[in-house]
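A.B. asks: If you read the sequence shown in our numbering, its first letter stands for residue 1, the second for the next number, and so on.
Keep in mind the hints are simulated off the structure, nothing from the lab. Glycine included, every Cβ here is placed at the ideal spot set by N, Cα and C. Please note: incorrect hints may appear among the correct ones.
As the list claims (entries may be wrong) - Simulated pairs of lysine-lysine, DSS-like, Cα-Cα distance not exceeding 25 Å:
| id | residue 1 | residue 2 |
| --- | --- | --- |
| 1 | K457 | K140 |
| 2 | K281 | K306 |
| 3 | K306 | K265 |
| 4 | K285 | K306 |
| 5 | K457 | K441 |
Said to hold, decoys possible - Computed spacing ranges between beta-carbons, pair by pair:
| id | residue 1 | residue 2 | range |
| --- | --- | --- | --- |
| 6 | L417 | H366 | 42 to 50 Å |
| 7 | A346 | V428 | 36 to 44 Å |
| 8 | A346 | R101 | 46 to 54 Å |
| 9 | K285 | H366 | 44 to 52 Å |
| 10 | T232 | R101 | 39 to 47 Å |
| 11 | G280 | H394 | 53 to 61 Å |
| 12 | T177 | E70 | 55 to 63 Å |
| 13 | R133 | V428 | 54 to 62 Å |
| 14 | A346 | S264 | 25 to 33 Å |
| 15 | Q78 | R326 | 44 to 52 Å |
| 16 | A391 | R133 | 39 to 47 Å |
| 17 | S127 | P386 | 24 to 32 Å |
| 18 | A333 | A212 | 30 to 38 Å |
| 19 | L104 | S169 | 31 to 39 Å |
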Amino acid sequence: MSIDVSFGSAAARVAVMTTDESVMLAAQESLASDFHITLLDAAEGVLALQNEVPLEAVILDLDTPDGSAEPMVELVGQLRARDEDLVLIGLIQSLTKVWRRKFLAAGIAQCFTAPVEFAEVQGFLQSALEQRRREIDGRKVREEAMSRYSFGELIGGSEAMHRVYDALSRVANGNTTVMIRGESGTGKELVARAIVANSPRSEQPFISVNCAALPETLIESELFGHEKGAFTGAHQSRAGHIEMAHGGTLFLDEIGTVGLALQSKLLRVLEQHAVQRLGGKVPRKIDFRLITATNEDLEQAVHAGKFREDLYYRINVIPIVLPPLREREGDIALLVDHFLRFYCAANSLPAKTIDTEALEVLEDYHWPGNVRELENLMQRLVLMVPGSNIAVKHLPQGILYTSSAKQESLLIPEEGLSFDEEMARIEVAYLQAALRRTGGKKTAAAALLRMDGQKMKYLCRKYGLRN
1 MSIDVSFGSA
11 AARVAVMTTD
21 ESVMLAAQES
31 LASDFHITLL
41 DAAEGVLALQ
51 NEVPLEAVIL
61 DLDTPDGSAE
71 PMVELVGQLR
81 ARDEDLVLIG
91 LIQSLTKVWR
101 RKFLAAGIAQ
111 CFTAPVEFAE
121 VQGFLQSALE
131 QRRREIDGRK
141 VREEAMSRYS
151 FGELIGGSEA
161 MHRVYDALSR
171 VANGNTTVMI
181 RGESGTGKEL
191 VARAIVANSP
201 RSEQPFISVN
211 CAALPETLIE
221 SELFGHEKGA
231 FTGAHQSRAG
241 HIEMAHGGTL
251 FLDEIGTVGL
261 ALQSKLLRVL
271 EQHAVQRLGG
281 KVPRKIDFRL
291 ITATNEDLEQ
301 AVHAGKFRED
311 LYYRINVIPI
321 VLPPLREREG
331 DIALLVDHFL
341 RFYCAANSLP
351 AKTIDTEALE
361 VLEDYHWPGN
371 VRELENLMQR
381 LVLMVPGSNI
391 AVKHLPQGIL
401 YTSSAKQESL
411 LIPEEGLSFD
421 EEMARIEVAY
431 LQAALRRTGG
441 KKTAAAALLR
451 MDGQKMKYLC
461 RKYGLRN
């Protein structure tokens, strides 16, 4: 059975599910004037209604004929899985601590036990729906902001990052070789993935190889593949990373670490777009786009004879320079907010915030490890800070000691101070030090402090300082 009670299309749509006619009548009388109410007498009806119309809240009678709460826990879980913003309220005759925990874990926002006062339900519902609207509006604002301050998985609204986004937009649709340059931890692989995601090859293989992580004895086999019996241990033929990138994109990270012997073979692959497996006799034609990345000075490596000049010009067709975090003004706040939300959600923790003073410390830090260092820090703070707010005291000592903002927090404690008393304390400290240095001679102490002699005598009288 379903009864629809509508009082204006603008009212929040709320479903009430109960088999108790008295509860149904009380819900209708108390709520219908403020909400668009649909009365239901079966759990199946709630799920069906949720498929048909956008519900904002559901009030569930949690009592079952056999006294088991498990079916209702399952229903609550299904409703919550379909809509994380849905306000779920439970009505029940009696509630043990065990069942309360289960219902709350499943997604119930609040349980009301009999006898239910629907005036309380109405008040809670109004408050919960208002909170729901604020959260949805806030999420939309953040999503709109992120769309302006992001490109793929890259996040940042600084002028330096907008230059990067512009370059990525220009190169993504083409097939030209790209070299991404930047310090370690700046997100060079994210840049490569952003290029691929916005390219015609987005649905094709993306093969990422960290050249620095592969031993010199294995990298040739890993890149080019091998035939069965090509070397000891080659029990079967295997395609290499270049071959696996056929039709898609090959990303060679830390390409500056590749040895000279392998550089010449890689150059041949780029010139012929064909690869020959170790132990193989026939080259295989490969269609792939090459993206490389490095944090090394390849020009210096070429000059020193450690990197082939012809290969350098092959891969350095379109260079994209990724700025270090210390040069991305305003981006730290965006990244902190993103990582806090991401890791709180990933660890099923309530949302955490960071106070202004702590954020100032992070913005003042030079971040030698760049975005990777910041991400690791935020992940650690999400897990280790017990409360909902991250303060200066929670930040690592290494960051605090290098931050001028930390000096401000040391000068002015959280509870504040008396400026006049603090200045008086400082005056006394300087006067005493000067008098000790000069053996108690006020004239000499005044000269040491570059102060008029009469003023020195006045201050000594003021603070009770004797020779």
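A.B. asks: A range of 42 to 50 Å was offered for this pair. Does it hold for the Cβ distance of L417 and H366?
C.D. replies: 29 Å, violated
A.B. asks: Check whether the Cα positions of K457 and K441 lie no farther apart than 25 Å.
C.D. replies: Holds. K457 to K441 sits at ~11 Å (cutoff 25 Å).
A.B. asks: Honestly, do S127 and P386 meet the 24 to 32 Å range at C-beta?
C.D. replies: With Cβ atoms ~27 Å apart, the hint holds.
A.B. asks: Could you see if the CB distance from Q78 to R326 stays within 44 to 52 Å?
C.D. replies: 48 Å, holds
A.B. asks: Falls inside 36 to 44 Å, the C-beta gap from A346 to V428?
C.D. replies: Roughly 54 Å apart at Cβ, these two residues miss the hinted range, so it is violated.
A.B. asks: Are K285 and H366 spaced within 44 to 52 Å by their CB atoms?
C.D. replies: Given range 44 to 52 Å: holds, Cβ gap about 48 Å.
A.B. asks: Decide if the proposed pair is consistent with the structure: K306 and K265, CA atoms, cutoff 25 Å inclusive.
C.D. replies: 15 Å, holds
A.B. asks: Is it true that the CA of K281 sits at most 25 Å from the CA of K306?
C.D. replies: The hint is violated at about 30 Å.
A.B. asks: So the hint says 55 to 63 Å: do the beta-carbon atoms of T177 and E70 match that?
C.D. replies: Cβ of T177 to Cβ of E70: about 59 Å, so the range 55 to 63 Å holds.
A.B. asks: Please check whether A391 and R133 have a Cβ separation lying inside 39 to 47 Å.
C.D. replies: 30 Å, violated
A.B. asks: Given the range 53 to 61 Å, decide if the beta-carbon distance of G280 to H394 lies inside it.
C.D. replies: For G280 and H394 the Cβ distance comes to about 57 Å; the hint holds.
A.B. asks: Can you let me know if the beta-carbon spacing of L104 and S169 is within 31 to 39 Å?
C.D. replies: Violated, since L104 and S169 (Cβ atoms, about 46 Å apart) do not stay within the stated range.
Violated hints, in rising order: 1, 2, 4, 6, 7, 8, 10, 14, 16, 19; the structure is consistent with all others.
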